[in-house]
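K.L.:
Spelled out from the first residue to the last, the chains are:
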Amino acid sequence: MKSLTLRAGLALLCASTLAACGGGSGSLVLQANISGLTKDGLILTNGPDAVTVAANTTVVQFPTLIGADATYDIEIKQQPTHATCTLANNKQKANAYTVVQPQVSCKTDSYAFGGTITGLTGNGLVLANGADQVSLTPPANPSVPTSFLFPTQVADGAPYGVTVLAQPQGQTCTVANNVGTMPSGAYNNLVVTCK
Amino acid sequence: MKFTCVRALAALALGLALSACGGKASYDVSGTISGLTNDGMILTNNGGDDIKIPAGATSFTFPHRASYGDNYDIEFKVLADGVTKAYPDHMTCVIGYNTGSAGHTVSINAQITCSQATHNLGGTVTGVANCPATTDAAPYCLTLVNGSTGGQISIAKPTDGSDSTSFTFASQVKDGDSYGVTVLTQPSNMTCTVTNGSGVMHTSDVGNVVVNCVPN
Chain A
1 MKSLTLRAGL ALLCASTLAA CGGGSGSLVL QANISGLTKD GLILTNGPDA
51 VTVAANTTVV QFPTLIGADA TYDIEIKQQP THATCTLANN KQKANAYTVV
101 QPQVSCKTDS YAFGGTITGL TGNGLVLANG ADQVSLTPPA NPSVPTSFLF
151 PTQVADGAPY GVTVLAQPQG QTCTVANNVG TMPSGAYNNL VVTCK
Chain B
1 MKFTCVRALA ALALGLALSA CGGKASYDVS GTISGLTNDG MILTNNGGDD
51 IKIPAGATSF TFPHRASYGD NYDIEFKVLA DGVTKAYPDH MTCVIGYNTG
101 SAGHTVSINA QITCSQATHN LGGTVTGVAN CPATTDAAPY CLTLVNGSTG
151 GQISIAKPTD GSDSTSFTFA SQVKDGDSYG VTVLTQPSNM TCTVTNGSGV
201 MHTSDVGNVV VNCVPN
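Each protein sequence line maps, in turn, to chains A and B.
The numbering used here puts the first sequence at residues 1 to 195.
The numbering used here puts the second sequence at residues 1 to 216.
Simulated from the structure, these hints should not be mistaken for lab results.
For clarity, every value in this text was computed on a predicted model and none was experimentally measured.
Just a few of them, taken from the derived set where beta-carbon distance is under 10 Å, the chain A residues facing chain B: (1) Gly130; (2) Thr152; (3) Ala158.
Here are the computed distance ranges between Cβ atoms for each label pair: (4) B:Thr92 with A:Gly26: 40 to 50 Å; (5) B:Arg65 with A:Lys93: 43 to 53 Å; (6) A:Gln101 with B:Thr92: 21 to 31 Å; (7) A:Thr38 with B:Ser166: 23 to 33 Å; (8) A:Gly185 with B:Asp73: 53 to 63 Å; (9) A:Thr38 with B:Gly122: 19 to 29 Å; (10) A:Thr38 with B:Ala129: 27 to 37 Å; (11) A:Thr64 with B:Pro158: 45 to 55 Å; (12) A:Thr174 with B:Gly122: 18 to 28 Å.
Far from chain B, by Cβ distances over 12 Å, these chain A residues were calculated: (13) Cys85; (14) Thr118; (15) Ser184; (16) Asn189.
Here a beta-carbon is modelled for each residue, glycine too, at the ideal position from N, C-alpha and C.
Could you put together the complete structure from these sequences and hints?
P.N.:
What follows is the structure, encoded as structure tokens:
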């Protein structure tokens with residue numbers, strides 16, 4: 001009698017647990033964490049289920065719920081414009097207790113950043129774009145504009161602001177076209193003039 | 001005869017094994033380190049047994065071992081002023097699993113994590129009492145940036161009618177990194193220029209960046 005009650009209770013528990021988990025109909029939200037997304041255009045899919053992800057999104061949920069123990073496979077249908085995203089933990093079995101969040105890591109494309117310098121005859125000039133620095137030495141022919149690049153590229157859409165961190169010996173340099181927003185391509189319009 | 005020989009050997013082996021244990025167990029007082037890129041860190045155990053840890057080290061072990069039951073307390077050495085800790089140059093570190101009783105865990109393995117120290121970058125903006133009336137669409141007078149990765153800050157018109165306001169970038173600057181503050185967006189009717197805008201961050205906050213705005 002006692003064991004019969006226990007069995008019935010267990011069966012009831014099993015049934016209610018299954019119902020709660022939704023069986024095949026799906027009751028779990030499938031979501032992914034997103035980092036570094038600064039551009040529009042990303043489309044993620046899980047089978048036929050697709051979701052468009054806007055710039056600066058950090059968490060995305062798929063519209064269709066999935067069932068416990070259902071497998072999912074998140075893929076990138078379309079990369080954002082001027083950025084590239086990669087996936088981690090994107091193919092798993094859904095389980096309410098041992099969830100490893102799918103992760104989408106995005107990196108905005110970056111481009112060469114520099115310009116030309118004219119008139120530099122002294123040593124010691126250092127330009128800074130914030131923490132990024134470039135040291136420039138006098139070229140063979142200072143009167144001819146000479147190209148230079150910062151060692152670190154700048155991300156599409158990021159601001160830039162170039163300052164003179166250290167002036168060369170005996171000269172003063174100024175930078176024109178030194179502030180703005182990075183275009184979708186190389187920027188070579190910094191104009192440094194030293195006198 | 002054969003059995004006796006085996007027994008004798010077994011007894012000898014047991015004796016050797018026991019002597020190897022030395023009677024009382026002792027433990028290396030050691031740990032692991034991550035992110036250590038500069039020299040200067042000094043560690044102590046129970047206030048002594050100093051060891052200098054060089055840049056790039058990923059582990060450490062004190063010269064003296066701890067016997068079973070000894071307390072250990074691994075800390076950053078406190079310098080002569082009684083306050084300053086011997087962190088690596090330009091860095092701050094945190095330590096965990098650093099105190100206890102030897103033998104309480106299988107091994108003593110403190111964990112140290114270091115990162116480059118950072119400081120605030122800021123200053124004052126003057127001449128903004130007459131910047132254009134703020135609107136929901138453009139509620140700021142001007143926007144300052146610190147290069148491409150140092151963050152930006154928008155300066156609102158002071159609500160109390162004053163002509164100057166102070167600012168601090170949300171992103172701190174790493175000790176030893178350069179900074180360069182420029183005006184990304186100017187007020188429509190003014191031109192703002194920056195002085196003391198560029199330098200190298202050292203061991204304390206920088207608050208002397210001056211942005212002065214004058215009507216066009």
